[in-house]
Amino acid sequence: MPRNTFCGSAAHAIDRRALLGGALAGAALASDMTALNALAAPDVNKALKKKQKRVILLWLAGGASQLETWDPKPGATTGGPFRSIQTDVPGLRISELMPKMAARMKTTCVIRGLNTRNGDHGSAALTMMRGRRDEAALRYPDLGAVVAREFGLTESKVPDYVTFYTQTEGRSMAPGASGFLGARYAPMELTTNNYPEFIKKLDGITDLDHLERADLRNVLGKGFEKGRSSDTLNSQNEAYQRVRGIMASEKLFDVTQEPQKVRDRYGPTQFAEQTLIARRLVEAGVPFVRVGRAWWDSHGQNFETHQEMVPELDHVMATLLDDLGERGLLDDVMVMTLAEFGRTPSINASLGRDHFASAWSCTISGAGIKRGSVYGKSDPKGNTVVAEEVDAGSLFATVYSALGLDPHKNYYVGSRPIPLVNPGVEPIKALVS
Amino acid sequence: MKAPNPDTLKLHKDHSRQVMTFSVARAEGSDTAYFGCSDFKVYAGDLAAAKFEPKELFAHESYVTGVALAGTTLVSGGYDGKLTWFDTAGKKVIRTHDAHAKWIRKVIASPDGALIASVADDMVCKLWDAKTGKIVHELRGHKEKTPNDFGSMLYAVCFSNDGALLATGDKVGHVVVWDAKSGKELGTCEAPVMYTWDKVQRLHSIGGIRSLAFSPDGKLLAVGGMGKVGNIDHLEGKARVEVFDWKAGKQTAEFPGDKFSGLVNRLAWALDSSWLVGAGGAGEGFLVFFDVKAKKTLRQEKVMTHVHDFAITAAADQITCVGHNRIVTYKLGA
Numbered sequence: 001m002p003r004n005t006f007c008g009s010a011a012h013a014i015d016r017r018a019l020l021g022g023a024l025a026g027a028a029l030a031s032d033m034t035a036l037n038a039l040a041a042p043d044v045n046k047a048l049k050k051k052q053k054r055v056i057l058l059w060l061a062g063g064a065s066q067l068e069t070w071d072p073k074p075g076a077t078t079g080g081p082f083r084s085i086q087t088d089v090p091g092l093r094i095s096e097l098m099p100k101m102a103a104r105m106k107t108t109c110v111i112r113g114l115n116t117r118n119g120d121h122g123s124a125a126l127t128m129m130r131g132r133r134d135e136a137a138l139r140y141p142d143l144g145a146v147v148a149r150e151f152g153l154t155e156s157k158v159p160d161y162v163t164f165y166t167q168t169e170g171r172s173m174a175p176g177a178s179g180f181l182g183a184r185y186a187p188m189e190l191t192t193n194n195y196p197e198f199i200k201k202l203d204g205i206t207d208l209d210h211l212e213r214a215d216l217r218n219v220l221g222k223g224f225e226k227g228r229s230s231d232t233l234n235s236q237n238e239a240y241q242r243v244r245g246i247m248a249s250e251k252l253f254d255v256t257q258e259p260q261k262v263r264d265r266y267g268p269t270q271f272a273e274q275t276l277i278a279r280r281l282v283e284a285g286v287p288f289v290r291v292g293r294a295w296w297d298s299h300g301q302n303f304e305t306h307q308e309m310v311p312e313l314d315h316v317m318a319t320l321l322d323d324l325g326e327r328g329l330l331d332d333v334m335v336m337t338l339a340e341f342g343r344t345p346s347i348n349a350s351l352g353r354d355h356f357a358s359a360w361s362c363t364i365s366g367a368g369i370k371r372g373s374v375y376g377k378s379d380p381k382g383n384t385v386v387a388e389e390v391d392a393g394s395l396f397a398t399v400y401s402a403l404g405l406d407p408h409k410n411y412y413v414g415s416r417p418i419p420l421v422n423p424g425v426e427p428i429k430a431l432v433s
Numbered sequence: 434m435k436a437p438n439p440d441t442l443k444l445h446k447d448h449s450r451q452v453m454t455f456s457v458a459r460a461e462g463s464d465t466a467y468f469g470c471s472d473f474k475v476y477a478g479d480l481a482a483a484k485f486e487p488k489e490l491f492a493h494e495s496y497v498t499g500v501a502l503a504g505t506t507l508v509s510g511g512y513d514g515k516l517t518w519f520d521t522a523g524k525k526v527i528r529t530h531d532a533h534a535k536w537i538r539k540v541i542a543s544p545d546g547a548l549i550a551s552v553a554d555d556m557v558c559k560l561w562d563a564k565t566g567k568i569v570h571e572l573r574g575h576k577e578k579t580p581n582d583f584g585s586m587l588y589a590v591c592f593s594n595d596g597a598l599l600a601t602g603d604k605v606g607h608v609v610v611w612d613a614k615s616g617k618e619l620g621t622c623e624a625p626v627m628y629t630w631d632k633v634q635r636l637h638s639i640g641g642i643r644s645l646a647f648s649p650d651g652k653l654l655a656v657g658g659m660g661k662v663g664n665i666d667h668l669e670g671k672a673r674v675e676v677f678d679w680k681a682g683k684q685t686a687e688f689p690g691d692k693f694s695g696l697v698n699r700l701a702w703a704l705d706s707s708w709l710v711g712a713g714g715a716g717e718g719f720l721v722f723f724d725v726k727a728k729k730t731l732r733q734e735k736v737m738t739h740v741h742d743f744a745i746t747a748a749a750d751q752i753t754c755v756g757h758n759r760i761v762t763y764k765l766g767a
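Chains as they are written, first to last, in the numbering used here: chain H, 1 to 433; chain L, 434 to 767.
Do not rely on the hints blindly, as some may be mistaken.
As the list claims (entries may be wrong) - The calculated DSS-like cross-link candidates involving lysine-lysine, where the alpha carbons are at most 30 Å apart (straight line), are: (1) 370/H <-> 409/H; (2) 100/H <-> 578/L; (3) 578/L <-> 261/H; (4) 488/L <-> 435/L; (5) 381/H <-> 515/L.
Bear in mind the hints are in silico, worked out from the structure with no lab data behind them.
Kindly generate the complete structure, drawing on both the sequences and the hints.
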């Protein structure tokens, strides 16, 4: 049964990364052992009965150009040099840089009418990760944290929210953040390589040592438990089991565990490898993985930049969708491409495009989204949205609905109800299948 | 013939345009110039006319990045991968070839007008019979992928003044010199500084060799581009020129740039070798003159447009720069 309340207690303040992080773990446990009660609540211990949905977010950091991807304007003065090509969806054309996705648009919904009104990297990234702006005294959880909370299983041996963002540019502007949901739903952030630093067993401890220590802890714990009843004791046991489980999940991050032919299929680039790991993670039950692909901020040489980066996106995204489909996961795993904004239709003297949030695009594939659909229309030069405008809030409401969540569901901060999206914001019903 | 002193460079005419002009060709002794533009069209315009009003000749299906004159035949190439032969006297298209699998970056004619060379992102330089349009050679000496497994690009090509040599330059800074007649590879040079791969911050690249020019005696090869870039969101690397003894594959002069940022998109030598001129830009443009022998920069002139190409007369007394929304003509020696 899914939890439908948020108590706002210190129970949600546990930081899993800190828990796993050596000295930090010790400090966290020593300072507030009651925090582990979060893992002991009976409601939590019962697995979520609904079919677990998962999300892979391909975060195109810096702002990919909609004109060179999902909303081409060939022949317009703003259109640039690329042609459009017909997709497998009648009437839908995308950039010629994406021939592989053109053959797979039946899996995908294109939203062309994004008007998010913010062309600043930092604040726009925060908005597009959360679906709304923070309040002065309230920090909202981002999409990953919400999905982690809604679809994470407490007995799971895998993390709930993983984010890859290896490049340094823009990383600090788009951090994963759990906001008022607390550190329990904060992401495991992988920034230096594809492998989590803190889940590996210390070199000086053998696996047998580790197991024997656990056995000793169990023996001592059982002795202590005799004649006592305590949620804290139970939660301690569960927390240790979870840590042990997550440590055992380290191989999920090891791309060499995949057959070479699968690795070859995704390709050798960092983005390809991280996306393959993301597939491994969601297949193992991780609810949310963000693969940050930086950096698309093409103020100079926009076309060269997109000529280099879009084919990689095209190949990796198409491979991911094929792979998920072949594994029977596409009905349960949503794949999104999103950024903080798009790029200006006007072309500057450096053959670049600048920041632009007035008429840009994103995509949603799989899960409960209406596939093979297009929503929103920009004008012939791409300067404005002329039909079916979408803001960050309605985009997120749609995503939640397509994941089977009620976007008006409330969390509670103290006694204050906080819905998943702001009051009055509705999903785009036409896009939810 | 002694070339005019770069100190005499003066702005002659400055025409505003609604489009970007990527390429220009001008017949010697004529005021008519041909332009390849961002509206996919090829134009002819009279640079001496009181009112400059270029006329559309024909169109491609994408940016037109190369125009070359071989006698009265104009050959254009574009990002649509097509080459079009146009009879400037009869004012009609002669033929169009699906010449390359990817973007054509530059089209030039040999000095005698017998050959047309085109380079494209399929990493092939193709030599064509200018008259018949038949392929003469396909020159393959550039890798299709960068060391980081992204598609490479083949930007630059030039003939030597006697037409015997051809040079091609790519994104990662690799230059190949070819025997234009046999199609055999004669030598290579490397200018890796002109390619910036940003692994840490942005995970993509910028730069590449954008221009090439043989010295009049064919012994030296000038290579233009941009130096290493810190923030590859912008064309902020210094405009850079290197000169090679191409037979030895050794750099003999380096002009790392100090005043202007951006790409050096076009290079040309004065016939007496007394100077080398480079043009290019980022947000705005430049013309820079070098004394290669003395390894000195002679003059650096700001141009009010990012210069994508220029046409220079044989006497080097007029330079017609084309670029972002402007066509600017300079005179020397007046």
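Comparing the hints with the structure gives:
1. 370/H <-> 409/H: holds (22 Å)
2. 100/H <-> 578/L: Roughly 19 Å between the alpha carbons, so the hint for residue 100/H and residue 578/L holds.
3. 578/L <-> 261/H: With Cα atoms ~21 Å apart, residue 578/L and residue 261/H stay inside 30 Å; holds.
4. 488/L <-> 435/L: Violated, because 35 Å separates the two Cα atoms, which is more than 30 Å.
5. 381/H <-> 515/L: Answer holds: residue 381/H to residue 515/L is near 25 Å, not above 30 Å.
This entry does not satisfy hint 4, going by the numbered hints stated previously; all others are met.
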